[in-house]
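Asks: Residue strings, one per chain:
Number of protein chains: 4
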Amino acid sequence: MINKKKIINDPVYGFINIPGGLIFDLIEHPYFQRLRRIKQLGMTYLVYPGAVHSRFQHTIGAMHLINMAIEVIRGKGHEITEEEAEAAQIAILLHDIGHGPFSHALESCIIPSLPHEQLSLMFMQQLNSEFNGKLDLAIKIFKNQYHKKFLHQLISGQLDMDRLDYLRRDSFFTGVTEGVVGSERIIKMLQVVDDNLVVEAKGIYSVEKFLVARRLMYWQVYLHKTVVVAELLLVKALERMKYLHQNNIFVTNNPNLDYFLADNQLNNTTEIIRNFNMLDDYDIIYLLKQNINSQDIILSKLAGSILNRKFPKIIINKEKPDENLILEIKKKTKKEYQLNDEDLQYFVYTGEISNNAYSNIDEQINILYGDKLIDIAEASDMLNLSVLSKVVKKYYVCAPKKIINQK
Amino acid sequence: MINKKKIINDPVYGFINIPGGLIFDLIEHPYFQRLRRIKQLGMTYLVYPGAVHSRFQHTIGAMHLINMAIEVIRGKGHEITEEEAEAAQIAILLHDIGHGPFSHALESCIIPSLPHEQLSLMFMQQLNSEFNGKLDLAIKIFKNQYHKKFLHQLISGQLDMDRLDYLRRDSFFTGVTEGVVGSERIIKMLQVVDDNLVVEAKGIYSVEKFLVARRLMYWQVYLHKTVVVAELLLVKALERMKYLHQNNIFVTNNPNLDYFLADNQLNNTTEIIRNFNMLDDYDIIYLLKQNINSQDIILSKLAGSILNRKFPKIIINKEKPDENLILEIKKKTKKEYQLNDEDLQYFVYTGEISNNAYSNIDEQINILYGDKLIDIAEASDMLNLSVLSKVVKKYYVCAPKKIINQK
Amino acid sequence: MINKKKIINDPVYGFINIPGGLIFDLIEHPYFQRLRRIKQLGMTYLVYPGAVHSRFQHTIGAMHLINMAIEVIRGKGHEITEEEAEAAQIAILLHDIGHGPFSHALESCIIPSLPHEQLSLMFMQQLNSEFNGKLDLAIKIFKNQYHKKFLHQLISGQLDMDRLDYLRRDSFFTGVTEGVVGSERIIKMLQVVDDNLVVEAKGIYSVEKFLVARRLMYWQVYLHKTVVVAELLLVKALERMKYLHQNNIFVTNNPNLDYFLADNQLNNTTEIIRNFNMLDDYDIIYLLKQNINSQDIILSKLAGSILNRKFPKIIINKEKPDENLILEIKKKTKKEYQLNDEDLQYFVYTGEISNNAYSNIDEQINILYGDKLIDIAEASDMLNLSVLSKVVKKYYVCAPKKIINQK
Amino acid sequence: MINKKKIINDPVYGFINIPGGLIFDLIEHPYFQRLRRIKQLGMTYLVYPGAVHSRFQHTIGAMHLINMAIEVIRGKGHEITEEEAEAAQIAILLHDIGHGPFSHALESCIIPSLPHEQLSLMFMQQLNSEFNGKLDLAIKIFKNQYHKKFLHQLISGQLDMDRLDYLRRDSFFTGVTEGVVGSERIIKMLQVVDDNLVVEAKGIYSVEKFLVARRLMYWQVYLHKTVVVAELLLVKALERMKYLHQNNIFVTNNPNLDYFLADNQLNNTTEIIRNFNMLDDYDIIYLLKQNINSQDIILSKLAGSILNRKFPKIIINKEKPDENLILEIKKKTKKEYQLNDEDLQYFVYTGEISNNAYSNIDEQINILYGDKLIDIAEASDMLNLSVLSKVVKKYYVCAPKKIINQK
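In the order they appear, the protein sequences are chains A, B, C and D. Residue numbers for the first sequence follow the numbering used here, beginning at 1 and rising by one. Residue numbers for the second sequence follow the numbering used here, beginning at 1 and rising by one. Residue numbers for the third sequence follow the numbering used here, beginning at 1 and rising by one. Residue numbers for the fourth sequence follow the numbering used here, beginning at 1 and rising by one.
Just so you know, not all the hints are guaranteed correct.
For chains that are exact copies, the list does not tell them apart, and a pair is met inside one copy or across any two.
Cross-link-like lysine-lysine pairs, in silico, BS3-like; alpha carbons within 27 Å at most [claimed, not checked]: (1) Lys202 x Lys148; (2) Lys188 x Lys6; (3) Lys225 x Lys76; (4) Lys372 x Lys310; (5) Lys148 x Lys393; (6) Lys393 x Lys202.
Bear in mind the hints are in silico, worked out from the structure with no lab data behind them.
Input sequences plus hints: build the corresponding full structure.
Replies: This is how it looks when you write it as C-alpha cells:
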C-alpha cells in the first residue's frame, strides 16, 4: 500500500504535514482542487500585486493551525480523540469550499439566495455521501451541534483558526507587514473552560493586537477604496450579463455560468453543486475578456475598465453623501454619456461598507483570570468597548472620473 | 497637473517607488497590465501552492533592483545620465512583455517560431511608435547596441537584475527559503570596468552562493519532476487542440487563440501582437475546463488530468532510458488503452531537461582583484569549472501510472 | 585622503550607510564606542535570551531611520539643508550617549540627581568643544531651540525615530514578533505642517497599531515581571554597595565606580564625564561576580541571586497590596532570616511600575485630514481616549519565595 | 509539585519548549547560566554590531534542532527511546559548556593544554556526579561510545545540529543573510542507515548549499580580517598579562584569572573547574578597561587598541608574505616605537588562518541513493572534490598602520 503522507511547502509557515487517509483524499478531490483557482482576496491584487494567493493555500494553512491548537489544548489536559481531531481538521479544510469565483466579491451576485457557508455545507454533505458518512462528525462540528463546542469555535468564532490564518497570510502576500498577527502566541494561550474556548490572562495583549491588526487589514486592504471600486465594477459587469441573459440578448457559451445567470432563485441542490463546482476566477476573467468588445456598450465598458485597470472615481466618507449632490452627478452623467435612467445604475452608484472589529453579541473572546472569565472588551483597558461592538459604516459614491472631478 | 508618482507594496522588498512620466504610463498600458494575468512559474503552483505570483510582480521587482544597481554604480564614480537610467528601467520592465500564457511552459507551443525575447522586442517597438520614439534608447540597450554595455548586462547577463529578482522572488513564494540570494549584497559589490559589469573581489562568496542557489532552484523547483510532468501535459493538450483545429474538428470560440492554433508559421507582426496581447493564463485554463468533457477522448483526458491534478508517472534519470523498455511501455499502453500509433504520443513520451548553472562561453562573471579581472570559474577554488560550464542533462519518460507501476 | 564612508550590516534593516566626516568621527570616538558595551534592555536577556543587543546598534538604527524620514519630508517639498540633516543625525546618534550600565535599570541609582538626557547633553557639549563647535546646531535641535521644530520631534516626541527603532529592534531580538512596528510605512506618511511633524490621514491605522504594539512591548517585555524583579535586585545590590562604601566597609578597586558610590550629590561636570565614560555593563557584572562570596551576607546573597538567576518572588497587581499582608510578610522574613529592620529592605520591598501608552499633555500625534489637524486620540474611533492619556499603574511586592509561597 | 515546563522565546526559531526534569535543572545550573555571559562569536561584534548573541542561546537552539531531528528519525521507523532522546539533548546542551571567555578567541590562551571539548567533558563529569550518574548515557553519546552512532553524529559530525544552529544563528545576528541554511529542510531529509546518519538523495542540493553557506560564513564573518586582528590583539593582551604576572610585575585582583595566568600546565581538575567556572567575557573586558592606563606601556596600548577599536593594519594573502618585507617592517617598527626585540612580538606578528569546508577524512556526509551510500563530494557534480577536502590556508601580517601604510 502507498503511504500517502505528504509535506506541503508553505511560504508562511514552512513545512505543513498532510496526514494520509481521508484528509488526503479530500484534498485530492476535484471540489477541493478547485480552490487553487480562486484567489483568496478577489480583486485585491489590482492594488497589492502580491495578493494572488488562493483559497487552497488558506484552508491548508488553517488546517495547520488547528493542529497546533489541538496539540496545545491536549497538552493542557483536555481530551480530544483522534476522531475529533480529524473531524475538526476536515471541518476547517472544507469551511470555505462553497466559495465561488473571486471569493466574497461575487458572493451575493452568483447565487444571491445562498451565502457561502450554506454552499460549503451543501458541498460537505455531498462529499459525506461520496465518502459513506465519514464526514458525519466534521459536519456536526461545523454546524455547532457537537457538545465540545470549542471545536466549532476553533473553526468559526471571534478567534478562530480561519481568522488567524487569513490575517497572517493576507498580510504576508500583500506586503502590509503590520497586519501580522502572532498566531503562534495566541494559540499557545488557548484554554478550554466548560467546553468553551478562552484565552489565558497573559494573552490579553496579543488579543488586543489581533483586534487592532484585524481592523488595520480591513481599512488598509479589504476595504481599500480601489479594491472596493474594482469589486463593485465586477458586480456591475455580472449584473449586466444577467440582465442581458434574462432578456435573451446574451449567452456566455459557458453552460455552468449560464445556469446561474438565468435565475436568481435556484434551489435544486444537485444542479447547483454540479454547476458551481465548475466555476472559478478563470470563468469570470475569461468572460470579461471575451466581452471587452461586446456590442453592448455598457458591458464592453465595464469589462475594459476592469481588465485595463481604468476605474471610475470612488469617494468614501463617514457621512452619508448629500442627496442633491448625487442627483446632480447623475444628471451630468446621463447628459455626458447620453444614458437612460435604467442604464445610469452601471455608472453612478452609492452604497455602504462596514466593519465591526469585534462583536460581543453572538460570541465573545473570554479572557481567563484565575478561574474567572471576563470579556476582552471589558478586560482591556485600552480598547473602547462601546466602539468595538459598534459597526463602523462608511458610505461610498462611484461615478465617472470626468464628472466627479469637475466638482 | 496630477503627480503620478506611486508606491507599490511588494512582499519581497517592501515599498517600491514607481517614477511618474513615461514609466508610469508604460505600467498602466494594457500590454503591461496583461502580465498580471500570467503566472511567473507556470504550473509550478501545482507543487508549490504559493507559487502563484505574476510576471507583473517580477518585472516591477527587477526594475527596483536596477535602480539600486544604478545608484551603486554612480556612487563608484561612473556616470549614468537620467536618460540612460530611465531607458535601463524601461528595458528591464519590458524584457518579459513577450511572455505568453504560463510563461515558459507554452513558449515553444503557441508560436513555435518566436521565442519570447523576440516577441518582447516586437512589443517594445510597437510601444515605441505609440510613444513617439521615446523608447529608442531602451531598445538600443535591450539589443545590446549601446556603448555602455553594462546597462545591457544589468538586464541580460550572468548576473543580471532579472535573475537576482526571480531567484529571490521564486524562493519567497515557493517557500524554498534556501534559494534566497543576497541580491542587495551582490548589487553593492557591482563595479564597472571598461564599460563591462564586474564584481569586486570580496563579493566572490556571494557569487558562488548565487550560482549554487540558482542550481538548487533549478532542480528543486523549476525542474521538479511534478512541475515537468504538469507542463508537459499542458503542451500535449495544446498540441492536441492544434491538431484538432487544423483538421477542422475543433474551434475554441476564442478568435485570438484560434489564430495561433491555425498556423505554426506566423509572420504578420501586427496580427501577432493584436492577438497575442489578448492571451494569458485565463484563456488556457478556461479552455481546458470547457474541454474536460470533450468528445475527443484524448483532449478530455488531458484536460481532466491537469485540472484535477491526476498526473501520469514521470521518471527522471541521468541516463538515457533503455530503448527496449520504452518500446515495451508503448506496446502495453497501446493495448491497455486501445490506442493507435499516432495517439500514443499523448500518453507515452520521452525527452530531456537540462540546466547549466553557469556558462562562460557567451558571458562570464568577472571578479575584480585589484585591477585584474578573473572569471569566477577560475577565481573560485570551490566550484568545479569543468562541471559548471557543462550542461547537465537529464532524461525523462512519461507514461500512465498503471503501466509504469507494473514494472 | 581616505574615504571614510562605511557600510554597517544591521540584522534589522540590512545595510546602513555611515556618512564620512564628522558623523564617522563621532562614531569612532571612545564615548560612542562605549555604547557597544551597554545592553539596550538591561537585564531583559535573563527572560528573553536574545535581548543582548547594544545601545550602539540602536542609535545607529535610529540614525538610519532619521535619514529615511528626512528624505521623505524633503520629497514632500520641505527644505532641509545638508547642515540641518547632519545635525539631526548627530543629535539622534548622541541622544542616548549619557546612558550608563544596564541602561534604564540603574539610571536612578548611579547618579540619582542626573537623568540620562541631561548626561547626554553634557557629553554632547564636551564633544562640541573637542570638535570646535561643529555640534552647535545638533545641540540646538536636541534642546528644541531650533525653529524647525519637526527636527527635534524626529528625535524626541510621541512618534520619534528613537521609538520607531527601539520597538522594532527590541521585538526583533526578544523574538516577540508582535511588537513589530511598520516603521517604514509610518515614515512614508510623515508630513510637516507649520514646522511640526504630523501624520497623513491614511497613516492612522499604522499609528494605532504603533500605540498598541508599544503597549504590548511594555507589559510583555519592558515590564515583564521577571525583568522587573531582576532589575530591582540589581538596584538593591548597588544600593548595598553604596551603603557599605559610604560606611567605609567596602571599596571596589574600581576608582570610576567608587567615585559614584561615594556621593549621591555629584556636580563636577568634568569629573562626572571622565568617570562615567569608563562605566558600562562589564563593571557591574564583574563587581557582582567579585562579591558573590562577599563577607557581607546581604551583598553576597544579592549578587548570587542575580548571577545564578535565583530570583525572589514578585507579585504584580493592579491594586495596591494590603498593608497588613506586607507587615506579616516582613515579620516572617525577619524571623526566618534573622534580619534587623534596616536590612529587611533588601529582601522585602514594594513599589509601583507604570506605563502610559500615549500622553497628549506635552505632545500629540496629529493626524492631517485635508488641511485640518486632529489629535490621534480623537481621530481614532477604536482607541479609548480617556484611558490612553491616563497612566496605568501597577503595584509590586517582592519577597523571598519561601515566605510568599506559604500564603 | 511544580510543573517546570518552560517556553523560551527565540528570535531565530520562535518558541522553544524546554522539558522539565533533568534538562530543566541543568539549564538552571550556574555552570550553564554562565554561558549567558559568553558571546558566541568573540570579538565579531566589533565588525558586525549585531553579533552579541551568547553561547546560551546557541546551545538551546541546538537542543531544539536535535528534538526535531529525533522526531524525524523516529518517523522513519527507527527506535529512539525516551532515555536516548533525553541523553542526546543533554549532550548537545552541554557540548559547549567548556567554552571560556570570548569562545574560540582565547581558547588556546587561557588553558593552552586543554581544548574546549575536553573541558566540556570535565564539566559534564562533574555534573554527572552532582546528579548521581544521570548523565551517564549523555556522556557515552558525547564520547561516541554508544552503539547508535547517529546520536553522536547529531551532536558532532559534518552535518550536526551544532553547525545547523550556529550557521543559521550567526547569519541571523550578523545580518549576513546569505549564510542562512535550510536547517529545517536538511533535518527532514535525515535518515539512518546501519546506525549512521545519512541524507536522502533529494537533500543533496540543500547539503551543497549548506557547504557553500558555511564557507561563505567562514571568509565573510569568522575569518573577516578585522575580526582576525581584533582577536589577535586580545590574545596578545592576555599573553602580555601572563608574561607580566609570571614575572611578578602584575596581578589582576581576580583570583580565578590569576590562577590561569600563573601557569600554562594546569592539571588539577577540581581547581580548573572551580576557577574556570567563574570566568566569562566580563572578566576579560573589565581587565582591559582597568589596564587602559597601565604603567606597562605595551599592555596599555593593547587594551586601548581593543576597547577603542583602533586596530593595527592586517594584510591577508593566499601567499606566504615575503621574509624580507617582514624583516623590514620589524626594523622600522622597532625604530619608530623604540622597542626591544622581545617586545616587538606585540606589534608585528604573522601567522596563518585556515578553513576546510568539508573534510572526508574522519567523517563523510553520505547521500542515500536507493540503498547505496555515496559521499557528497562524489555525489555532487558541482562541488570540487579535491578542493573541498583540502584545507584553504591564508597568511596574515599585522603591524602598526603607520609603518605598513608607508609601503
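Asks: None of the hints should be skipped; say for each whether it holds.
Replies: The hints, checked one at a time:
1. Lys202 x Lys148: Within one copy, since 24 Å is at most 27 Å while 43 Å is not.
2. Lys188 x Lys6: Answer is both: 25 Å inside a copy and 12 Å across each meet the 27 Å cutoff.
3. Lys225 x Lys76: For Lys225 and Lys76, the Cα distance is within 27 Å only across copies (23 Å; inside one copy 44 Å).
4. Lys372 x Lys310: Neither way: Lys372 and Lys310 sit 55 Å apart in one copy and 31 Å across, limit 27 Å.
5. Lys148 x Lys393: For Lys148 and Lys393, neither the intra-copy (35 Å) nor the inter-copy (39 Å) Cα distance is at most 27 Å.
6. Lys393 x Lys202: The answer is between: 17 Å across copies meets 27 Å, while 32 Å in one copy does not.
Hint compliance for this structure: hints 4, 5 are not met, and every other hint is.
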